[in-house]
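Engineer: As given, the protein sequences belong to chains H and W, one line each in that order.
The opening position of the first sequence corresponds to residue 1 in the working numbering, with each subsequent residue numbered one higher.
The opening position of the second sequence corresponds to residue 339 in the working numbering, with each subsequent residue numbered one higher.
Treat the hints as calculated values from the structure; they're not laboratory data.
The model shown is predicted, which means the values in this text are computed figures rather than measured ones.
All clues stand as given, with none of them false.
Short, incomplete list of chain H residues facing chain W, as computed with Cβ under 10 Å: (1) LEU32; (2) LEU303; (3) VAL318.
Quick reminder that beta carbons are idealized off the backbone N, C-alpha and C, glycines included.
Each chain is listed here by its residues.
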Amino acid sequence: MNEWVFKIIFISIIFGLSLFIAMYSTYAERKLAAFLQDRLGPNRAGPFGLLQPLADGVKLFFKEEFIPKASDRWLFIMGPGLFMITALMTSAVIPFAPDLVLNGQTYSMQAADLNVGILYIFGVVSLGVYGVLVGGWASNNKFSLLGAIRAASQNISYELAMGLSIVALVMVTSTLSLRDIVDQQHGWHWNIIYQPFGFLIFIICAFAETNRAPFDLPECETELVGGYHTEFSSMKLGFYLFAEYINVFVSSAVLATLYFGGYQFPFISDMEPGMAKTILGACVMFGKIFFFIFLFIWIRWTLPRFRYDQLMNLGWKVLIPLSVLNILLTGAFILFKI
Amino acid sequence: MNFSERIYLPAVFKGMAITLSHLFRKKATIQYPEQQRPMSQVFRGLHILKRDEKGAERCTACGLCALACPAEAITMTAAERTPDNKQFYREEKYASVYEINMLRCIFCGLCEEACPKAAIFLQNDVMAPASYEREDFIYGKDRLVEPFLQN
Ligand code: SF4
Ligand code: SF4
Numbered sequence: 001m002n003e004w005v006f007k008i009i010f011i012s013i014i015f016g017l018s019l020f021i022a023m024y025s026t027y028a029e030r031k032l033a034a035f036l037q038d039r040l041g042p043n044r045a046g047p048f049g050l051l052q053p054l055a056d057g058v059k060l061f062f063k064e065e066f067i068p069k070a071s072d073r074w075l076f077i078m079g080p081g082l083f084m085i086t087a088l089m090t091s092a093v094i095p096f097a098p099d100l101v102l103n104g105q106t107y108s109m110q111a112a113d114l115n116v117g118i119l120y121i122f123g124v125v126s127l128g129v130y131g132v133l134v135g136g137w138a139s140n141n142k143f144s145l146l147g148a149i150r151a152a153s154q155n156i157s158y159e160l161a162m163g164l165s166i167v168a169l170v171m172v173t174s175t176l177s178l179r180d181i182v183d184q185q186h187g188w189h190w191n192i193i194y195q196p197f198g199f200l201i202f203i204i205c206a207f208a209e210t211n212r213a214p215f216d217l218p219e220c221e222t223e224l225v226g227g228y229h230t231e232f233s234s235m236k237l238g239f240y241l242f243a244e245y246i247n248v249f250v251s252s253a254v255l256a257t258l259y260f261g262g263y264q265f266p267f268i269s270d271m272e273p274g275m276a277k278t279i280l281g282a283c284v285m286f287g288k289i290f291f292f293i294f295l296f297i298w299i300r301w302t303l304p305r306f307r308y309d310q311l312m313n314l315g316w317k318v319l320i321p322l323s324v325l326n327i328l329l330t331g332a333f334i335l336f337k338i
Numbered sequence: 339m340n341f342s343e344r345i346y347l348p349a350v351f352k353g354m355a356i357t358l359s360h361l362f363r364k365k366a367t368i369q370y371p372e373q374q375r376p377m378s379q380v381f382r383g384l385h386i387l388k389r390d391e392k393g394a395e396r397c398t399a400c401g402l403c404a405l406a407c408p409a410e411a412i413t414m415t416a417a418e419r420t421p422d423n424k425q426f427y428r429e430e431k432y433a434s435v436y437e438i439n440m441l442r443c444i445f446c447g448l449c450e451e452a453c454p455k456a457a458i459f460l461q462n463d464v465m466a467p468a469s470y471e472r473e474d475f476i477y478g479k480d481r482l483v484e485p486f487l488q489n
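Whenever a hint applies, use it, and build me the whole structure from the sequences.
Structural biologist: Encoded structure:
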């Protein structure tokens, strides 16, 4: 098969898969929320309510589309789209499975093997906040604007700590390519063992970056009537909510890749490269991803939302110094142990 | 706060353990239309006008229930019994029209207490059903009187 044809097919599959997983994350969210609260959750649409995401989608499409008169029309439309695009772009550099070797030809299970994969992710993720900011600003509603500003300042503050925690990781792996990082974690050499502290900081920041509880301040109904998406209706709101789930999926993938060995599992090196290895690797990878999605949901229904000043305190006064400390410790470790 | 409280994480993990344990608990949900919870013995639901052991209506249209009703939900018209409908009614007077407006009724059960003939009761296993039309909530004798059980 031509490499370009394969790449196009692969990218479409990843694209579809992201959408599909995001769709069913909404279902998982509702179901798990119910279970954690001793309820049953959606169970009317289809067996076990499995068609619920479709019903939700249909509902969103048929709701009235409303654009406020005083809003900036084009930016208002652009906001959700921007958020969606940036959410979908991140999955490009994530290696989902070991290389597939068929008839002597190697197919990479990664849309793009950038040697600066981590930087790419950070670049795209930091663009994501534009979607929120543009949407909130264009709504011409002070609550939306407040929500958007909160989102922006929250994302910026937490991105700093996140970046610093990654610096320590990069010091250990000495590469920026996600594929190399995964390859280094063969067997049980997962980065979580070498960087438990960094992982903790990273995952807290990941929660804040995806605007998930307990850091869902840009969209709190009690204070902001809904937050940056107050004025959005119909599928535009759907895009915002949906992109958030894509973000959760991608963050889970990044977490699994950076700290939990990605598609690596013990004994993988004993296997011949081929179909079986690729499929098994992909299953392991998705198992890890689903675990993290579960973690995201689990925490959302456990912890209450932060207050805004607490959020900022945690970001600037706790996480950033801690991640700097982590860098120093890692540096000392590398200098004296190895 | 001591150190372990100040870093919050132990508390966070404790909270997560608690929510996780709820994941496997028995669920409290009742699948309503298919599955119904048994009502309490003292539940006051939809009214019923009783018959006596011979199948005649107990109500004598004395009007005490309407008088006792704080919501003024009951209206009735009394009529005199004639020889040809003698077997249907217990005493000389009966209610030719007996209506309860379920939108007014507060299900207090005072009608039941006021009735000297033990004719009206609030059932503990039937609720007044919902409807889209106001007229549907005015319950006449056709919907209130206990179905004829004898023969
Ligand atoms: S239950 Fe109370 S409100 Fe309803 S009809 Fe009887 S007395 Fe009136
Ligand atoms: S139901 Fe009882 S209280 Fe009411 S009119 Fe009939 S006999 Fe009298």
